[in-house]
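Engineer: Single-letter residue listing:
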Amino acid sequence: MTSAERIYSYFPGCTLATTAVDYDVSGRAVAAALGLELREVPDWNCCGAAFPLNAENVMNFIAPARALIAAQRSGHDLATLCAVCFHALKRSDSFLRTHPEAADRLNAFVTEGDFDGRVTVRHLLGILRDDLGWEVVSRHVAAPLQGLRAAPYYGCLLLRPEAEMELDNPEAPRVLHDLLQSLGAEPVGFARQAECCGSTLLVSAPGANQRLSAAVIESARAAGAMIVVTACPLCKFNLDRAQEGRPAAEQLPVAYFTQVMAAAFGLAEHAGPAFPLRAAA
Amino acid sequence: MSNSGCTTALVIGAGIGGITAALDIANSGFPVVLVEREPSIGGHMAQLSETFPTLDCSQCIMTPRTVEVGHHENIRLHTHSEIESVRKQPSGNYTVRIRRRAAYVDWDKCTGCGVCQEKCPFKVESLFERGIGKRKVIYTLSPQAVPNKPVIDAEHCRYLQSKWDMEAGRAPSVDKQGNPATPKCGACAKLCPTGAIDWEQQDTVVEEEVGAIVMATGYDLLPMERLPEYGGGELRDVVDGLAFERLLAASGPTAGRVLRPSDGAEPRQVVFVQCSGSRDPERGVPYCSKICCLYVAKQAMLYKHRVPDGQAYVFYIDVRAGGKGYEEFVTRAQEESGVVYLRGKVSKIYAQDGKLMVKGADTLSHRAVEIPADLVVLATAFVPRASTTAVAGLFGVGVDDNGFLVPGDEEMAPVECGAEGVFLAGAALGPKDIPETVAQASGAAAKVLSLFQQRVNAQPPVAA
Numbered sequence: 001m002t003s004a005e006r007i008y009s010y011f012p013g014c015t016l017a018t019t020a021v022d023y024d025v026s027g028r029a030v031a032a033a034l035g036l037e038l039r040e041v042p043d044w045n046c047c048g049a050a051f052p053l054n055a056e057n058v059m060n061f062i063a064p065a066r067a068l069i070a071a072q073r074s075g076h077d078l079a080t081l082c083a084v085c086f087h088a089l090k091r092s093d094s095f096l097r098t099h100p101e102a103a104d105r106l107n108a109f110v111t112e113g114d115f116d117g118r119v120t121v122r123h124l125l126g127i128l129r130d131d132l133g134w135e136v137v138s139r140h141v142a143a144p145l146q147g148l149r150a151a152p153y154y155g156c157l158l159l160r161p162e163a164e165m166e167l168d169n170p171e172a173p174r175v176l177h178d179l180l181q182s183l184g185a186e187p188v189g190f191a192r193q194a195e196c197c198g199s200t201l202l203v204s205a206p207g208a209n210q211r212l213s214a215a216v217i218e219s220a221r222a223a224g225a226m227i228v229v230t231a232c233p234l235c236k237f238n239l240d241r242a243q244e245g246r247p248a249a250e251q252l253p254v255a256y257f258t259q260v261m262a263a264a265f266g267l268a269e270h271a272g273p274a275f276p277l278r279a280a281a
Numbered sequence: 001m002s003n004s005g006c007t008t009a010l011v012i013g014a015g016i017g018g019i020t021a022a023l024d025i026a027n028s029g030f031p032v033v034l035v036e037r038e039p040s041i042g043g044h045m046a047q048l049s050e051t052f053p054t055l056d057c058s059q060c061i062m063t064p065r066t067v068e069v070g071h072h073e074n075i076r077l078h079t080h081s082e083i084e085s086v087r088k089q090p091s092g093n094y095t096v097r098i099r100r101r102a103a104y105v106d107w108d109k110c111t112g113c114g115v116c117q118e119k120c121p122f123k124v125e126s127l128f129e130r131g132i133g134k135r136k137v138i139y140t141l142s143p144q145a146v147p148n149k150p151v152i153d154a155e156h157c158r159y160l161q162s163k164w165d166m167e168a169g170r171a172p173s174v175d176k177q178g179n180p181a182t183p184k185c186g187a188c189a190k191l192c193p194t195g196a197i198d199w200e201q202q203d204t205v206v207e208e209e210v211g212a213i214v215m216a217t218g219y220d221l222l223p224m225e226r227l228p229e230y231g232g233g234e235l236r237d238v239v240d241g242l243a244f245e246r247l248l249a250a251s252g253p254t255a256g257r258v259l260r261p262s263d264g265a266e267p268r269q270v271v272f273v274q275c276s277g278s279r280d281p282e283r284g285v286p287y288c289s290k291i292c293c294l295y296v297a298k299q300a301m302l303y304k305h306r307v308p309d310g311q312a313y314v315f316y317i318d319v320r321a322g323g324k325g326y327e328e329f330v331t332r333a334q335e336e337s338g339v340v341y342l343r344g345k346v347s348k349i350y351a352q353d354g355k356l357m358v359k360g361a362d363t364l365s366h367r368a369v370e371i372p373a374d375l376v377v378l379a380t381a382f383v384p385r386a387s388t389t390a391v392a393g394l395f396g397v398g399v400d401d402n403g404f405l406v407p408g409d410e411e412m413a414p415v416e417c418g419a420e421g422v423f424l425a426g427a428a429l430g431p432k433d434i435p436e437t438v439a440q441a442s443g444a445a446a447k448v449l450s451l452f453q454q455r456v457n458a459q460p461p462v463a464a
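Keeping their order, the protein sequence lines are chains Z and R.
Here the first sequence is numbered in this note's numbering, starting from 1 and rising by one per residue.
Here the second sequence is numbered in this note's numbering, starting from 1 and rising by one per residue.
For reference, chain Z alone in the conformation it holds in the complex (with noise of 0.2 Å):
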């Protein structure tokens, strides 16, 4: 298959759009450099931003409905990069494929066209690791990140339930690792890698969040990181809040992997405040 073939409907979601512009452009960036050609989803909205926990009622699935549909179009995968988005995208898509009676009640709403699950929601990173394959990522990197101790952060939402969501192993993950990897980083794990930062729990138990979050970061510096990595926009926010106040010199920084990326691939106006990276402790 020549690179040219390998083409994903894309879906950016909110926060890429707006806070997180840096992951989007980054993730354009280095999925280009690989060949890999994301072609926007036209005039998608909202993806839901949490699957929808009352399945009783169907316009709760509209909204990832019509990003699903919509791709439907291109007949190719849709592609994310948000944990959220992804999260939201394919467990409707999962819940729609079983419930075909709410599928037709769904349909029934929605004017652009019929849910008809054909499309595949996927990850860049599964996309990486599956269709492309380590080594090819490793082909591309210019700068490779020797000594970079990164610490892989998987949180939450990811990659649970691993039924529905199809990534990796929640409880003995391995696809950013591996990632790291074939950058010429060194992956270190660390206890609470695929831990909740507790974004969730910002409006119904603030402080909790603060909390978590700074576990995510004493745990991956406990380990020897440098760097926290990272596929989720909201767990960035978190990661970077919860260390707000402390000396620069205290601060672990918190990448989206596209940005690590982009750094190995020599790729530097992508690759974000956090590289060059400062002296390794």
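Just so you know, these hints were derived from the structure itself, not from any lab.
On a predicted model such as this, the values are computed, not experimentally measured, just so you know.
A virtual CB, placed ideally from N, CA and C, is assigned to each residue, including glycine.
Part of the chain R face toward chain Z, derived, beta carbon under 10 Å: (1) Leu227; (2) Lys348; (3) Met357.
Following the hints, position chain R against chain Z.
Structural biologist: Frame of chain Z; chain R shown alone:
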């Protein structure tokens, strides 16, 4: 006798179930062929320290039975052996081929003196000790082994490997521990007073004709690799229930002292995690493993006997102590021994600052708890032996979704199955403790004896 079926029984598996069935049949005067995969008999019961709810020494109550099997005139014992094939005869008898794996020791010459084991220079991890202790490359499972005859673990024997390398014209191979094969060893052969080491020994196949079969192939524990959230077997001080039995057992690698595997220190805080993989249809097995609530209470109690100022915690979903004296036993662990029971699941175990952090929920106080433990014991799920499906297939016995043997009728024919003359017993049918296994094995033996007696009665009187 061929028309009415023969009256020799085959018993597969020599754990406490198979031993019980074999002795019941043999003591009634009928011949028994007893086949065991391991070099010696006793099964998992031989690994246990003490039994619940009586706290009897497991070895002590079992040894009279294993010894009786070893000496019984009606029992032909094939250890280190597997069933290779089965053919059902028109008479209803079964012709069974039994493959005895080469032991490289002539058991007729061997007196069981043990010099070979003492002098063998190589040690490997012992499966019997659940990876906590080591054994020699020439070994018996335990000092009380029946038969008390060693076998050589060919894969790790540097002399045998060297001999085979030379015969095949290969360069000397190196084992996983980096030991090169060497023709200079053979210490066992040099020192054996009866010349029993036989480097040329091959597998042998014997054929037995039998009229009834008892399948008692037993159980295993879910491998810890299946539980990555609990360390997945990577954290040395996270052990399973059988490993902890070996730490408690006087015959075990620590002579009964509770010492953690990583550094041999006495653990001050021990956490037991019940339902590790059980009642977890998504990630483990869907059923209750049934024995864990009691053995965990026992292990926590015994730990407190050994380390009175240590602290034992038990995470549980609920305590299922149905059985005579069982609820009282658990209460004793809580009230007399001071074991702390926490109702909730453990979500994660990870290493931090030399401790094992056990993160879980205490759903009675509605709190998330984190306990820094020195040793964690996982009560991993009870699963059938890996070979169960294959062995069952040889005899036309079905297995269920979880791999356990399926009886003819769960309620009314619990030890029978579709195949004529084939009976089932013990943990291979589902989670069972020792008393239940023994009762069921006696039940299966009674079925065999009933069948045999009918065959005896059907024979025409011998003319004078």
